[in-house]
Structure formats: structure tokens, C-alpha cells
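Residue numbers (our numbering), protein chains in the order written: chain V, 2 to 140; chain S, 5 to 222.
Bear in mind the hints are in silico, worked out from the structure with no lab data behind them.
For clarity, every value in this text was computed on a predicted model and none was experimentally measured.
Ideal Cβ positions, reconstructed from N, Cα and C, are used throughout, including at glycine.
Here are the simulated lysine to aspartate or glutamate pairs, DMTMM-like style, with alpha carbons at most 25 Å apart:
(1) V:Lys4 <-> V:Asp72
(2) S:Lys58 <-> V:Glu59
(3) S:Lys79 <-> V:Glu65
(4) V:Lys67 <-> S:Asp105
(5) S:Lys79 <-> S:Glu66
(6) S:Lys35 <-> V:Glu108
(7) V:Lys64 <-> S:Glu110
(8) V:Lys64 <-> V:Glu38
Computed, partial: chain V to chain S, Cβ under 8 Å:
(9) Glu59
(10) Met60
(11) Glu61
(12) Thr83
(13) Phe85
(14) Met86
(15) Gln89
(16) Ile90
(17) Arg93
(18) Ile94
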Amino acid sequence: MPKSYYFVVVGCGRLGSKVAGYLSEKGHSVVVMDKNENAFERLPPEFTGFTVYGDATEMESLKEAKVNMADMILAFTANDNTNFMVAQIALRIFGVPRVVAYVHEPENIELFREFGIEVVCPTLLTFETMKGIFRFLEE
Amino acid sequence: MKIIVVGGETLAYHFAKMVQTKGYKVVVINKNLEFCQQLSKKLRTLVIHGDGSKRYVLEQAEPLPEDIVVTLTPKDQDNLVISLLARESFKVRKVVSLVNDPNNREIFEAFGINCISPTEVVADMATRYTFAEQIKSYFPISQNLSIIEIPIEEKHPVVSKQLKDIPMPHDSIVGSIVRNDEIIIPRGDTVVKAGDRLIILCNTGVQSEVLKVITGEV
Numbered sequence: 002m003p004k005s006y007y008f009v010v011v012g013c014g015r016l017g018s019k020v021a022g023y024l025s026e027k028g029h030s031v032v033v034m035d036k037n038e039n040a041f042e043r044l045p046p047e048f049t050g051f052t053v054y055g056d057a058t059e060m061e062s063l064k065e066a067k068v069n070m071a072d073m074i075l076a077f078t079a080n081d082n083t084n085f086m087v088a089q090i091a092l093r094i095f096g097v098p099r100v101v102a103y104v105h106e107p108e109n110i111e112l113f114r115e116f117g118i119e120v121v122c123p124t125l126l127t128f129e130t131m132k133g134i135f136r137f138l139e140e
Numbered sequence: 005m006k007i008i009v010v011g012g013e014t015l016a017y018h019f020a021k022m023v024q025t026k027g028y029k030v031v032v033i034n035k036n037l038e039f040c041q042q043l044s045k046k047l048r049t050l051v052i053h054g055d056g057s058k059r060y061v062l063e064q065a066e067p068l069p070e071d072i073v074v075t076l077t078p079k080d081q082d083n084l085v086i087s088l089l090a091r092e093s094f095k096v097r098k099v100v101s102l103v104n105d106p107n108n109r110e111i112f113e114a115f116g117i118n119c120i121s122p123t124e125v126v127a128d129m130a131t132r133y134t135f136a137e138q139i140k141s142y143f144p145i146s147q148n149l150s151i152i153e154i155p156i157e158e159k160h161p162v163v164s165k166q167l168k169d170i171p172m173p174h175d176s177i178v179g180s181i182v183r184n185d186e187i188i189i190p191r192g193d194t195v196v197k198a199g200d201r202l203i204i205l206c207n208t209g210v211q212s213e214v215l216k217v218i219t220g221e222v
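Turn these sequences into a full structure, and let the hints guide you.
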């Protein structure tokens, strides 16, 4: 049986909840954190992990989610700066090996990458998809 | 050399005003339009309306390596990003950041950003006050260092004594005596007078012993 990893998803939004369900289904340990209790309602039925109600910019919440034991942190809140700080704390203080952050503003990507955070930027990703759609223009 | 103040409101206003009075050039960046408008009227200085954590906004202040960037926003994550942006993208050498949650001090220090946590300063002063009314305390440089100011009264046992005859505990020293607005850096033969204000540096652990020796009270 393949190894089971420990993921912490910060921000139970559209992406966070979907990813949490996906990882749970694959048999991994998942903790989802959000500062809004209602957000957890988004979690799909296949989610079998734990939820932590708290603000990710507070060390206490991160400790409660046992970030120090995570194999990967997914910083998926609605705020780029929050995602940045969570990612840095995870990397530098808790020694989490891999950190992925959702970055809304393409302009911020450089700063994230410079400091060792892997980035998913919806604008850029969607743009790549659009380029595929526009390929017909070259024919 | 200029000082760029990002975020904050009341604090940013008073700080910018103070800095300007001392003759420094100051640039203010703030997200609140009304605040920006009021500020530009009160201080005749460049005020930029925008989110200082975005490069294209910070850019408008034209940060240079010799400038000082001070971030005072109520959100530590914004302060962190602004500080790093200033340092990495604009090569600003001196960055000072407000840290609202004392627990976040660690991450700022991991990046080598100077930070001030008002929460800790206030809590520290409040707790020290409850121990001894007659002492005033300065903000700690480290958890273990206390810098205290003791006003000397006639009844205190150290009045008319030479410093070398005062049995100060280990790990404590009278760093300075303020007498009638004059600063004296004392030596062993300096005599303590009523009305003096003694500025003492000591290890936090011996603070109460210092008080006992100087004032005779526990």
C-alpha cells in the first residue's frame, strides 16, 4: 500500500475543500483550517479528515493543526499576504518540506517563488488554458 | 534619505508628524482614502493612496537602499510582505515592522526584520508597575534585561552614599544618574542625592533585590 501523507489545508474555500476531499479519498491524512466555521460545510462527503477552526496568522492555530508534522501545507486562503506568511512560518519555523500557495495577484508570484513557495495562480493557469483555445488562430 | 511609513492610522499619523518635526523627509502609504486626504493636508508631504504590500504601490514611494521603511499595519501578514518586498525588491537596508501578535515575532526575526511588539511593551509595563509603584520601566531589549528608573527620595537608604558603598546585587549596575536634567555617568565615588533618578540595568531576576537595596522597601 502506498504511503499515507499528512496534509494541512489552510482555507476551506472552493479549492481548499475540493483538494481536501480529493486527498482524503486517496487515503491521506488531511487537516483543514478556516477562521469561518461555515466554510467547513463546503467539504465533500468523501472528506474524512479533521477540521481546525482558527486564524492561520496565529501560531496557536497552526500548532493546533500540528503543522510541524505535515508533509505539505496548502495555503489556500483568499488573501495572498496571509498565504505568504502561513507558507513562510510552515517552511522556516515548522520545517515543512513542501509548501504550495494560492496566489491571486500574478504580480506577487515572484516574491513567493523567491522564498521557496510553490505557486498556483488561477489567472495564469486560466490564461494557459485560453492560449490552448486560441491555438486555432495559428492555423 | 527618507522614511516611508506604510499602513497604520493613528500611530502612522503621529509617527510621521514626529519624524517630520525632527527634519526628516517622510512618505506615507495608506489604503484608507480619507486618511490619506486628511494626512496630506496636515503634513505637507507625499501621501500615496494604495496597498503598500503591492509592488506597484510601494514603487511610487521610490524606495532607495538608504531609506527606512516602517510598516505599521494591523495585520502581521501584510507587515511581513511589505518588509520583505522593501528589502528584496528595493534593497532597502533598514526595515522596522510592527508585530501585533507577539507569537509572530519568531517569523520576523527568522528573516532578520527588526520588530516591535506593542502588545509585549504594554503588558511588560503593566506587570512591572504592579510590582513596584515607585519604579518606571523601559521596554525590554530582551526578556532577561530590565532597564528601570528609580526616583530617589530622602528616606531611601542609598541617599548620601557613594555608589561603591551600595551593595548592588550581581548582574546589576547603575548605568546613569539623572540629576536636574543633567546626565551623569557615575563612578564608584559618585554620591547619590535625593531627587536623583537612577537608571539601572539589571538581569530581570534580580530586579526586586535591586529595589530593596535602593529603596529599602520590598
